[in-house]
Amino acid sequence: MSDIIYLDNAATTLPKPQNVASVLCSCCNKYGNPGRSSHVLSMNSTRLVYSCREIICSLFNYSHPENVIFTYNTTYALNIAIFGLCPDNGEIIISNLEHNSVLRPVHALCEKSQGKLTYKVFDALESDEKCVSSFLNCISGKTRLAVISSCSNVTGKLIPIHKISEICRQKGIKLIIDAAQSAGIVPLDLSTLYFSAVCCAGHKSLYGVMGSGFCIFSHIENPEAFIVGGNGTQSLSPLQNGILPEKLESGTLGVIPICTLREGIKHILCVGQEEIYSRCRKLSETLTLSLKNIPGISVIGECENKVGTVLFNVNNKSSESVSQALSRKGICTRGGFHCSLLAHKALGTENTGGVRASFSHFNTEKDVEILINELYNITRN
Amino acid sequence: MDCKYMVFSSVTYSLRGMSLLQKKGIPSRLEKIKNIPSLGGCGYALAVDDALFANALSIIQNEGLKIIEVLESKDGL
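Line by line, the protein sequences are chains A and B.
Going by numbering that gives the first Met the number 0, the first sequence opens with residue 0, and the numbers climb by one from there.
Going by numbering that gives the first Met the number 0, the second sequence opens with residue 0, and the numbers climb by one from there.
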């Protein structure tokens, strides 16, 4: 990593904290299959998995560790939540900043329902006030479910999820929150927030390794199992255990990713989410200001409430070619469409895509300076 | 030590019970039991010292955790 300027933290954070890297090496031969056997290595693993459920609850101020479901990434978590909670008919609301991991399962369910289930898209691009108003306008007597990202993966814009949650509570609408981009950066207090499920990546701003993700269900929900099979309990029954979390955790869990996730969250609790947010935000503000001073560069999707993600384009150059040019200089960004058809349509970049620079709290002002210098060179050539 | 066993609906609930008891200073041990009739197969239980069992049971029940079954011993299971 020493020669690399890594600015693709919205995809996965790098570097990982030292305690995460250390545990990754040490845990390979320590843990058996959790919740399966009575030998010491299986029991160690079972306790490790449970302790990770507990630390996740500490981060989100939630008192139901049994409602934390481990998955392999946010997409799995969203699919489990969407397919598990979606009604047979009615309307679903999503925002125009959603990742394809929300759009595609919702779209697929509606297609399959042959018209019984439909979805509406509200405009989350504007101010918080307009965003809430647009959400309210989408609600009808048939609205049953809202699936909404708390933070755009394309621009870093924070959605007013608390206001939307309150509306859902009042209207009796189930709410699934995609917190892939905000968990670990923006605190979410689940002891007071109304929600049906919150879906997170373990390998992004929670600093675990890839292969870790989870979904937290509200204690009042009992979702249908999306995947069934062996889960270490009631082995003589052909029916799936009806109790969370095992009901939704068929097959062997990714114990090593879970182990790193636990360490990643320990790191966050030690540094503090406010500190992480303020550092990432400051770096993104510095970058945005500098980009505006470079002729030929346009910053896209600027807004007040956001995390440390900046989207931009260099005029007359494709976003992929700019990202590749930066890569040749050892700077990692992400060009293209960021798996988000809706967001790029809303931003007017559905033909060009954009270059995304996203920070973690391991980035420095020097990283921004090097990126800016290289962008100056690119615009001159 | 002589123990009794609290059977929970899953290993996760067993560990939640263990965590609650630990906070109250009551030691317990997680054990796998191969065939619990009420669960329809294998399951997990918390082994608690006989002398502490009544207190442990009351703590678990006060927290609203459901105990599927209490086993006097694992003999025959």
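Keep in mind that the hints are not guaranteed to be accurate.
As the list claims (entries may be wrong) - Straight line, CA to CA, 20 Å or less: simulated DMTMM-like cross-link-like pairs of lysine to aspartate or glutamate: (1) A:Lys162 / A:Glu110; (2) A:Lys29 / B:Asp48; (3) A:Lys162 / A:Glu223; (4) B:Lys22 / B:Glu71; (5) A:Lys265 / A:Glu373; (6) A:Lys119 / A:Glu90; (7) A:Lys316 / A:Glu274; (8) B:Lys65 / A:Asp127; (9) B:Lys3 / B:Glu30; (10) B:Lys22 / A:Glu165; (11) A:Lys111 / A:Asp188; (12) B:Lys23 / A:Glu53; (13) B:Lys65 / A:Glu125; (14) B:Lys33 / B:Glu62; (15) A:Lys344 / A:Asp122.
Note that these hints are calculated values from the structure, not bench results.
Just so it is clear, the structure is predicted and the values come from calculations on it, not from any experiment.
Mind checking the alpha carbons of Lys3 of chain B and Glu30 of chain B for me, to see if they're no more than 20 Å apart? holds, 11 Å
Is the hinted pair Lys33 of chain B and Glu62 of chain B satisfied, with a Cα-Cα distance of at most 20 Å? Answer violated: Lys33 of chain B to Glu62 of chain B is near 27 Å, above 20 Å.
With the threshold set at 20 Å, check whether the alpha-carbon distance from Lys29 of chain A to Asp48 of chain B stays at or below it. With Cα atoms ~29 Å apart, Lys29 of chain A and Asp48 of chain B exceed 20 Å; violated.
Pairwise hint evaluation, Glu274 of chain A against Lys316 of chain A, where the allowed Cα distance is 20 Å at most: violated, 36 Å
Would you mind confirming whether the straight-line C-alpha gap from Lys23 of chain B to Glu53 of chain A stays at or under 20 Å? It holds: about 17 Å lies between the C-alpha atoms, which stays within 20 Å.
Restraint check for Lys22 of chain B with Glu71 of chain B, where alpha carbons must lie at most 20 Å apart: violated, 24 Å
Are the Cα positions of Lys162 of chain A and Glu110 of chain A separated by 20 Å at most? violated, 30 Å
Is Lys65 of chain B within 20 Å of Asp127 of chain A, Cα to Cα? Distance of about 43 Å is beyond 20 Å: violated.
Run the distance test for Lys111 of chain A versus Asp188 of chain A: straight-line Cα separation, threshold 20 Å. With Cα atoms ~35 Å apart, Lys111 of chain A and Asp188 of chain A exceed 20 Å; violated.
Is the hinted pair Lys22 of chain B and Glu165 of chain A satisfied, with a Cα-Cα distance of at most 20 Å? Cα-Cα ~34 Å, so violated.
Check whether the Cα positions of Lys162 of chain A and Glu223 of chain A lie no farther apart than 20 Å. Roughly 28 Å separates the two Cα atoms, so the pair is violated.
Satisfaction of hint between Asp122 of chain A and Lys344 of chain A, Cα-Cα up to 20 Å: holds, 11 Å
Hint check: violations occur at hints 1, 2, 3, 4, 5, 7, 8, 10, 11, 13, 14; the rest are consistent with the structure.
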